[in-house]
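All chains, please: the whole structure from these sequences, using the hints.
Now for the letters of each chain:
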Amino acid sequence: MKIIVAIKQVPERDAPAHIAPDAKGIEERELQFAMNEPDAYALEEALQLKERNGGEVIVISAGPERVGSTIREALAKGADRAIHVVSDGLGARDALGVARLLAAAIQPESPDLVLTGLQSEDLGLGQTGVIVAEVLGLPHASLILQVEKTGSGLKVKRELEEGWFQHIELPMPAVLTIQSGGNKLRYATLMGIKRAKTKELRQINAAELSVDAAPTVTLEQITLPKKQKSTQMLSGTAKEAAASLVEKLKFEARVL
Amino acid sequence: MMILLLPTLAEPQHFSIAEKSILVVLTAASVYGFWRRFGPVLDRILKSKKDPDFHLAPIGKRAWEFIAEVMFQSKVIRERPLPGLAHAFVFWAFCAFALVTLNHCAVAFGAGFLDPAGSVGRGYFYFAALFAVACAAGILGLFIRRFLVRPRWLGEKLSWGSGFIAFLIFALMSTYLAAFFVADSGTAARALWWAHTLTLLIFLPVIPHTKHLHLVLSPFTIFLSRGGFSRIPPLKGDEDFGLVTGKDLTQIVSLQAYSCVECGRCTEHCPANNTGKILNPKEIVLGVRAYLNDLGPASDEPLLGKYNSQEAAFQCTTCGACEFQCPVGIEHLPILIGLRRGAVNTGTWDDNHGAKLFLALERGSNSLGLPASERDKFIEKNALPLFDGTQEYCLWLGCMGGYDPKGREIILAFVRVMNFLGTTYGVLRKERCTGDPVRRLGNDLLFQQLAESNLEALIQSKTKKIISICPHCVRTIQEDWKEFGTPPAIEHHSEFLARYADQLPQTQNQNQEKIVFHDPCYLGRYRNIYDEPRSIVARAGELIEAPRSRERSFCCGAGGGLAFLGEEKGDRVSHARAAELSATGAATVAAACPFCNTMFRDALASQGAGAPQLVDIAQLAARGLPEKIASKGNESAPL
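Those sequence lines, one after another, are chains A and B. When we follow the numbering used here, the leftmost residue of the first sequence carries the number 991, and every step to the right adds one. When we follow the numbering used here, the leftmost residue of the second sequence carries the number -10, and every step to the right adds one.
It should be emphasised that the hints constitute simulated quantities derived from the structure, not laboratory data. All C-beta atoms, glycine included, are put in the ideal place defined by N, C-alpha and C. Hints should not be assumed to be uniformly reliable.
[Claimed, not checked] Calculated cross-link-like contacts (lysine-lysine; reagent style DSS-like; alpha-carbon spacing at most 30 Å):
#, chain 1, residue 1, chain 2, residue 2
1, A, 1187, B, 38
2, B, 503, A, 1174
3, B, 39, B, 50
4, A, 1219, B, 419
5, A, 1040, B, 38
6, B, 225, A, 1187
7, B, 50, A, 1189
[Said to hold, decoys possible] Here's a subset of chain B near chain A, in silico, CB distances under 8 Å, partners left out:
#, residue
8, 234
9, 333
10, 335
11, 336
12, 344
13, 348
14, 351
15, 352
16, 353
17, 411
18, 412
19, 434
[Unchecked claim] Example chain B residues on the side facing chain A (calculated, C-beta under 10 Å, incomplete):
#, residue
20, 104
21, 108
22, 228
23, 444
Structure below.
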């Protein structure tokens, strides 16, 4: 089973977001980067599938040089080799452009399965994986918590709303976008890091892929959300306060 | 010359050729019997991996420790006075008997150099006789303790080898002493001489077959210690992941494994073992020994499995009581942590809580797994000044001080004291966990990342001196970070508070509040700080001591990363200790470590009404300070 996992490097979850002077992105200087968490779950799912069924896990990531550290982390956790699509200008591209680049790099590998996180922690578009499937012309399913290989295809568990799950079967090759929390993530080990040094990390320049990745959506400006939180103290006895709380929840917050 | 009037040691004269030949043959057999067993042991030790970081220097310190711990038996006696003294008598008698025994054998060949009739010889024999009496009494006492009193630390199985050795030692001493009461030339003298000789020749080969191997090895073990308490050796090369297989056992580890005398002091003081866990530090050491005996130091078999259990290795709180107590110089923590390193660095350790801690620190900044913005909010809300290189101290908040509500209270109390004293300080804009829990759990990758990124931040901020409320942070920054750079000087707040105690307002209350101080392991045994926090407690009330205090203090259960590993098996260590602290009748328990504090907070709460209140020494020091303190030089700057 040949599995490709597309991972993204994102700013660490608590990173302070300062808007860059051109207002088209955030300042990167003080940022620390980490692997997008849903992608980490996609990688974990791939590694477990390989442990059960054998095969190969290849990670792919697009981005500037700094992405290398996240790729090496994936190799350390157990991926067999990696492809780095080197591109400095990804921030200016939209999900379609990125998906086209990834699909072009994935295609020659002809994998049995492509996994990726259902969305990124920084932009949260939830589009890239699904578009990759479309570009590659493969069936896909999103919000996947569990993957099981059957004779010729896959059986997957998909998360719906309100605690409902859907179990579906689909043929291979396929693209799945993975929801966080389906598995237990493994921690990085010293042995993994040392072994990762000898694993193949192939760099492909985005330009070499000869793909039309020009954005179809243009980004005008980004701003920080305004703080809207306000606190009100309700006075009076517990009974009075409760009554006024219900009142406010009904008519001001309109949640009851 | 009064001494010449006293009876002297009877020595048989003129040994026949037959007697001499028998003696030579028996001696050769005895030495052969010794070497047949000892040779392979020595071989296994020498064929173990070389310790990458071992240095003989400073030799003076080694010599001093050798004199104190071996020659004066300081640790043997101090930690178990009665059996310790009995042991010391046996040891000292052996030293005194070195000359006597040499002379004893030489006599058979007419080469005796101590003349029983001369004043020097006679004097020395009397000198040795005094030791012989003390030794005989000592070994009798030890025999009674082992076979009649039977403390449970010695193990459930009676050691018949020890009984036999005790008998031999007793026989050696009595055959020597008896020779003062018989005539020189009679058969009695000759019979005693042979009895003494035969006992000696039996004794020698028995040594390497029993735990009495420590006679030969432990002086070397003590002299060749790693230096430093719980010193974790660096990993060397691309294939070193800690103690994974026999190939990873170093010469020091193997030497220590064979030196164990099975006295069980480590077990007696082990918080895990005392609260129903399977960990027994003595068995860990003996497990390594059994591995070496069965498989040798070149084996690829895992160390964790048949000989030692992974579960036991991960029950250790790294309190260090075992290593502190060990009279033969075994360093348990590098072994226990080494086994953990082997399991974690290769990914063999599978534990939900452990993985959660590791992942929290891979992605985030603190061991509690909270967003770093929580720390920012705390700094902002309390207007803590940022460190800019001009202040005297960099105040290290740590995970507990930055994120835990009780830890924050300790920081704020300490900050009040520093403001009152006019000491300048600042906190770092960003701080990551020092790596203490992951270091003790054996995750070298994560520890290195945390140490390096923190060292980088401290260098950039031009920090010269750090102060911290957490003994774990202090230890890790000062000792463990050394592997990756030069950490700034650091001290624990108890040291600072003790230094400035005179300048704080006196808070005499009429009915002296009884306060019991709990020694944190990482402050006491790890840093040798006992009196400083006590001086703060004594200012605030009547200092009382727990039954186990100072270097014998009993762990709170949080160390070694265990605070993060979820529910323990058996009783909770924290409950056992909290019960002991409450039983002193103290109104207040004073701690000096935010981890002890968090453990006791829950344990004391479960005692219900009447449980003592819990404070940190910083909170005691801040009592009696004026409500409003002008913070001279400590105005906050925006984040």
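Do the hints match the structure? See the list:
1. Restraint check for residue 1187 of chain A and residue 38 of chain B: the C-alpha separation of about 25 Å stays at or below 30 Å, so the hint holds.
2. This hinted pair does not check out: residue 503 of chain B and residue 1174 of chain A have alpha carbons roughly 49 Å apart, beyond 30 Å.
3. Pair hint residue 39 of chain B plus residue 50 of chain B holds up; C-alpha atoms about 22 Å apart against a cutoff of 30 Å.
4. Of the pairs offered as hints, the one joining residue 1219 of chain A and residue 419 of chain B holds, with about 26 Å between alpha carbons and a cut-off of 30 Å not exceeded.
5. Between residue 1040 of chain A and residue 38 of chain B the CA atoms are separated by roughly 36 Å; this puts the pair beyond 30 Å, and the hint is violated.
6. Restraint check for residue 225 of chain B and residue 1187 of chain A: the C-alpha separation of about 17 Å stays at or below 30 Å, so the hint holds.
7. Taking the CA atoms of residue 50 of chain B and residue 1189 of chain A, the gap is near 47 Å; set against the 30 Å cutoff, the hint is violated.
8. Violation of the interface hint for residue 234 of chain B is found here, the shortest Cβ-Cβ separation to chain A being roughly 13 Å, above the 8 Å cut-off.
9. Nearest Cβ of chain A to the Cβ of residue 333 of chain B: about 7 Å, under the 8 Å cut. The hint holds.
10. About 5 Å separates the beta-carbon of residue 335 of chain B from the nearest beta-carbon of chain A, less than 8 Å, and the hint is met.
11. The restraint placing residue 336 of chain B at the interface with chain A holds, with a minimum CB-CB distance near 4 Å, inside the 8 Å limit.
12. A hinted interface residue such as residue 344 of chain B counts as satisfied when its beta carbon comes closer than 8 Å to some beta carbon of chain A; here the least separation is about 5 Å, so the hint holds.
13. With 8 Å as the threshold, the beta carbon of residue 348 of chain B comes within range of chain A, its nearest partner Cβ sitting at about 6 Å, so the hint holds.
14. Checking residue 351 of chain B against chain A by beta carbon gives a least distance of about 6 Å; that is within 8 Å, so the hint holds.
15. The closest approach between the C-beta of residue 352 of chain B and any C-beta of chain A is roughly 5 Å, which is under the 8 Å cut-off, so the hint is satisfied.
16. Checking residue 353 of chain B against chain A by beta carbon gives a least distance of about 7 Å; that is within 8 Å, so the hint holds.
17. Residue-level restraint check for residue 411 of chain B is violated (minimum Cβ-Cβ distance to chain A is 32 Å; threshold 8 Å).
18. Taking 8 Å as the C-beta cut-off, the interface hint given for residue 412 of chain B is violated, the closest approach to chain A being about 29 Å.
19. The closest approach between the C-beta of residue 434 of chain B and any C-beta of chain A is roughly 4 Å, which is under the 8 Å cut-off, so the hint is satisfied.
20. Interface hint status for residue 104 of chain B: violated, as the beta-carbon distance to the closest one in chain A is roughly 67 Å, over 10 Å.
21. With a least beta-carbon distance of about 68 Å to chain A, the hint placing residue 108 of chain B at the interface is violated under the 10 Å criterion.
22. The beta carbon of residue 228 of chain B is positioned within 10 Å of a beta carbon in chain A (closest approach about 8 Å), and the interface hint is therefore held.
23. With a least beta-carbon distance of about 16 Å to chain A, the hint placing residue 444 of chain B at the interface is violated under the 10 Å criterion.
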